[in-house]
Amino acid sequence: MTDFPLIQTVGLSGVLVRFADTMSEPANRAALSFRAAVDAADWPEVTETSTSLVSTFLQIDLVAVSVGTMLDRLQDLLATRDWYTSDLPTGRTLWHVPTVYGTDLAPQLEEAAELAGLDPDAAIAQLSQARVRVLTIGFAPGQPYMGELPQNWDIPRQQGLTKSVPAGALIVAIRQLIIFTNASPTGWRHIGQTAFKTFRPRSDTPFALSPGDELCFPSISRAEYDKITAADETGQGGAETEVLA
Amino acid sequence: MTVTLTIAQAGPALTIQDMGRPGWRAQGLTKGGAADPVAVYEGAALLGQSPDLAAIEMTGTGGTFTADADIRIALTGATMAASIDGDAIVWNASHMLPAGAKLTIGGTTGGTYGYLHVGGGIASDTLLGARASHLSAGLGQPLAAGDALLLGADKSRETGLQLPRDSRFDGGTVRVVASMQTDHFTAEERQRFETTAFTRDPRANRMGVRMDHDGTGFSAEGGLTILSEVIVPGDIQITGDGAPFVLMGECQTTGGYPRIGTVIPRDLPRVAQAASGTAIQFEFITLEDAITLETQHRRDIKALGGQITPLIRDPAKIRNLLAYQLVGGAISATDNPFEEEH
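Protein chains in written order, with UniProt numbering: chain L, 1 to 245; chain A, 1 to 342.
The following block holds chain A by itself, in its conformation from the complex (with noise of 0.2 Å):
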C-alpha cells in the first residue's frame, strides 16, 4: 500500500532535499542538497534508515501536515514548535503520526533550517540521480498547500528516540583553511578578518551567507575582479561592499571575486544555521589540522546511533493514556512500563 503525506499548510520555503546531486559541476550544476547535512544523518539515526533518503527541509518555519497511514517521523535541524493534534512533541526525536492526526511545524526558535524526515523517506521522481530540489537551477519548486508526496516503504516501527541538541544552531567559532586566493589578500587583512566580530545577515540563503560587520569592508590585493574560477561550499568571496560572503551548497559553479579562505566541511552547518543576527568569528586552521578535525567528525557522525536515547514521557501529558497497556507486561516490580510505550 502506498502511503501518501499531504501538505495541508505550507510555510514560505519548504523543499525536498537529499544529500544532493553530484558529478555535474563541469555542466555547470552545483550538488545542492540539504543545508545541513548534520541534520539529516540525525534524521537517519533516528529511524534507523539511510542518510540517503529525502527530507522536507523547511526554512524559518514549517507547516501543516497530516498522512493517510500511521507512519515515523523524526524532526531535526533548528528547533521549531511543533505538535501532533494539538499536543506539544519533542524537537530532535522520532514520533509515531498517526494516520489522519494534524502534524503542526511552526517558526524556529533557534536555527534556519528544520527537517521533517519521515520513515521510509519522501519518494518523489529523482532528477538526476537526485531528488533535492535546486531552485537556482530550476529543479524542483517549493513545496505547497495541497501537495501530496508519496513515502517510500517502511521498514521499522521504532519510534520515541531522541538525540542530544547540538551546538551549531548557535554560531559562534567558524574554522577556515586557507583557499586558492587567500594570498591575494595581505597578513594584516586576514589577522583583521579573523578578529572581527561578524553577525549573519538576514540576506542568506541556500546559495550563500552574508556576514555583517562594523568598520571597513575587507579588500584583497590588486582589485575586486579576478578570472573566474571554480567554487566549493565554504568558499568565503570578498563581494563588492566588502563583506564576506560564505558560499552553500546551492552556489554557481564558478565565480570571479576573490575568496579569502573556506570554511571546512563541518563547520558550514554552524554557517548555514546560524540566525539572523547570531555572531559569528572565523579561524584559519592549517589543512593538517583541518583534516584531524574532519577525520573526527566523520567518526562521530558514524556513531550517531549511540548518542540516541529513548524519550521520557511524562505520564500526565501522555495522550489516550488508558489506550496504552501499562499493566499487561509487569511481571518485575523494577521495570519501567514507560520505556515500552512506544
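This is chain L alone, in the form it adopts within the complex (with noise of 0.2 Å):
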C-alpha cells in the first residue's frame, strides 16, 4: 500500500504533495491547509502553489532547483503536524448565492431528487440548507468543484453528456455540486440556475470563489432570479458574503 502523503516531481514543473487518492473530506483539508503553510513559509523557489482535490502542488523549476534540498524542506514541514486533522486557513469566504431550483431554468431537479432518494421539494430543502466547500478550482477558469453534499448525494454521473448547460448552472453528482464557468456539456445533472459569476476577467477580483471558501445556495423564485439578472453588473448575481473566522 502507498504511504500518504506521498512527495513525488511533475515533469520538470514542480512537485505533488498528495494526501490521498481517493476524494475525502480530511484529505482535501490537508491538501488546503498544507498549501495554506508552503504559502506562508515562503520559500523563493516556488512560484506558484495550487490543490486539487486531496493534493498540493508546489510549481518550482526543476532544472535550475535542487529537487533533494526541496524534498528535505517539505518533509519537514509535512512533519511538523496532522494536516489531516489541522485548522482550515483563516480569512476564508462564506457565500450565500441565490439559486432557482428546477423549473425550465434548471430541468433534471427531479430526476437528481429521484437518485437522492427525494421527492423535489424535500431535495430542495436539503440542497438550500447544506453548505459545501471549495474542494478545488478546475476545469474552467474560476471553475469551483464543492462538497460534501450528504450521502444520500452520491449519485453517478448520467451515462450520455448533455450538449450544453448555461454558465451560472449549479450541477451536482457524487455528492459535489459545480458552478459552471462557462456553457458546456456535462455528465453531471442541472439542479439550480444561478445569476453568479465565477469568473470576471475585466474586474478587480476575477476569479471570485478561492479553495476553501464555502458557499450556501439558499433557494429564490423566477421572479426574483430575473429581478437580480436584470439588475446586476457586477456578476455577483445576488451573493452576500461573510468572512469566516
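Using 25 Å as the maximum straight-line C-alpha spacing, the simulated SDA-like pairs for lysine to any residue come out as follows:
id, chain 1, residue 1, chain 2, residue 2
1, L, K197, A, G138
2, A, K302, L, A64
3, A, K302, L, E45
4, A, K302, L, P44
5, L, K197, A, T126
6, L, K163, A, T239
7, L, K227, L, S203
8, A, K302, A, G160
For each label pair, taking beta carbons as the anchor points, the in silico distance ranges come out as:
id, chain 1, residue 1, chain 2, residue 2, range
9, A, G256, L, T93, 19 to 29 Å
10, A, L287, L, D82, 23 to 33 Å
11, A, D70, L, R157, 56 to 66 Å
12, L, T205, A, G215, 47 to 57 Å
13, A, D125, L, T80, 38 to 48 Å
14, L, E25, A, G215, 35 to 45 Å
15, A, R165, L, D154, 51 to 61 Å
16, A, G215, L, I7, 32 to 42 Å
Every beta carbon over 10 Å from chain A, so not counted as near; a handful from chain L, in silico:
id, residue
17, W43
18, S128
19, D226
Keep in mind the hints are simulated off the structure, nothing from the lab. All C-beta atoms in this analysis are idealised placements derived from N, C-alpha and C, irrespective of residue type, glycine included.
Please dock the two separately framed chains into a single complex, following the hints provided.
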C-alpha cells in the first residue's frame, strides 16, 4: 500500500504532495492547509501553488533548483503536524448564492432528487440548507468543485452528456456541486440556476472564489432571479458574503 | 506617433500571443501563451527586443497585413510563403515593411504555427497581466479582417537579419520523463509506448495534440479514470480510446485521465509544430538527463543572437534597386556594399 502523504516530481514543473488517492474531507482539508503553510513559508523557489481535490502542487523550476533540497524541506514541513485534522486556513469567505431550483431553467432537479431518494421539495430543502466547501477549482477558470453533500447525493454522472448547460448552472454528482463558468457539455445533472459569475476577467477580482471558501445556495423564485439578472452588472448574481473566522 | 498594423485578410486561427499568463493555476486558468516559445525567442533575437513583447501566432495559414508607417517585422516558426507587395521574402528573418505595403503570408510549408513579430510588439490591452489570447478560457478572440492593432514604440531600425532553420518542425524523437502516474502503466506497456511509431493526428490545437498509431491503444492498470490531478504542459494523457494526447499550454489545469509521462519543455515545440501526419516517437529519459538537456537549451536560447547572420540578397531581385545608394560609401574595393543595404 502507498503511504500518504506522498511526494512526487511533476515533469520538470514542480512537486506534488498527495494526501490520498480518493476524495475525502480530511484529505481535502490536508491539501488546503498544507498549501497555506507552503505559501506562508514563502520559499523563493516556489513560484506558484495550487490544490486539486486531495493534493498540493508546488511549481518549482526543477532545472534550476535542487529537487533533493526541496524534498527535505517538504518532509520537514509535513512532519510538523497532522494535516488531515488541521484547521482550515483563516480568512476564507462564506458565500450565499441565490439559486432557482428546477423550473425550465434547471430541468434535471426532479431526476436528481429521485436518485437521491427525495421528492423535489425535500431535495430543494436539503440542497438550499447544505453548506459546502470549494474542494478545488479547475476545468474552467474560477470553476469550483464543492462538497461534500450528504451521503444520499452520492449519485453517478448520467450516461450521456447534456449537450450544453449555461454559465451559472448549478450541477450535481458524486456528493459534489459545480457552478459552471462557461456554457459547456456535462455528464452532471443540472438542478439549479444562479446568476453568479465565477470568472470576471475585467474585474479587480477576476476569480470570485478561492479553494476553501464555503457556499450556501438559498432557494429563490423565478421572479426574484429575473430581478437579480436584470439589475446585476457585477456578476455577483445577488450573492452575499461574510468572512469566516 | 502611434503606428497601427491593420489586418486586411485573416486566416482562420490568428491570435495575439506572448509568453502567457502565469500565476493563476489555483484559480483554474493555465498559463497559455505561444504554442512555440522558441519561435518567440527567435523573433525577439531578430528584432533585438524583449521576448515578452506580443506577436501574432498564425495556425496553418497567415493573412494580409498593412502598416501606416514603415515598421520592422520578423517571421519565425513554421515556414509560410510570405511576400511584400508580391515580392517573396525570406522566412526566419527580419524585414522592413514600408508604410502602405501589403504583407501577404500564406499557408505553411512545414510545421503548424508561424509567428509575425513587429518592432515594438503588439501593444494590445493586457488582461490578467498578459496579452496572450486564451480562447478556451474566454480570454481574447481570433483576429479578423479589419482589426487594427496598435504597435509599441520601436527602438531600432535594423532589419535584414536571419536565423538558421531549426529541426523542430520535422517531428522525430520527443523525450519524456516519468510523471506521477507513469507507474500505473506496466513496464511492457511503457516499452511499447517507446517503440511505437506515432504520427501527429489532425486533431490538435493549443490545448493538446493527439497521437495516432497502428495497433491496440495504451492502457493503465486499474482502469481509465483516476482522481483528477494537476496537469502541467507536456503531460501525455491516455484517453478513452487508448490514444496518447500531449497536453499543451492552453489545456485545463487538472485532469482525470492517467498520464504515461511528461514531454520535456524543450521538446514540446517539436510536438506543437509537427504537421498532421508527421512521424513522432517518444523516448523516456531520466530526470537528471532532462535537467542537463534543459540547461543546455536555456543556454542556447540566450545565445540565439550569436547565430544571426545578415540576409544575403541577390541584387537582381531587389526591388527599387536604383533607390539604394550603391556607390556612395564605396571607399574600399573589397567591401561588399550590399552588406549595408538595410
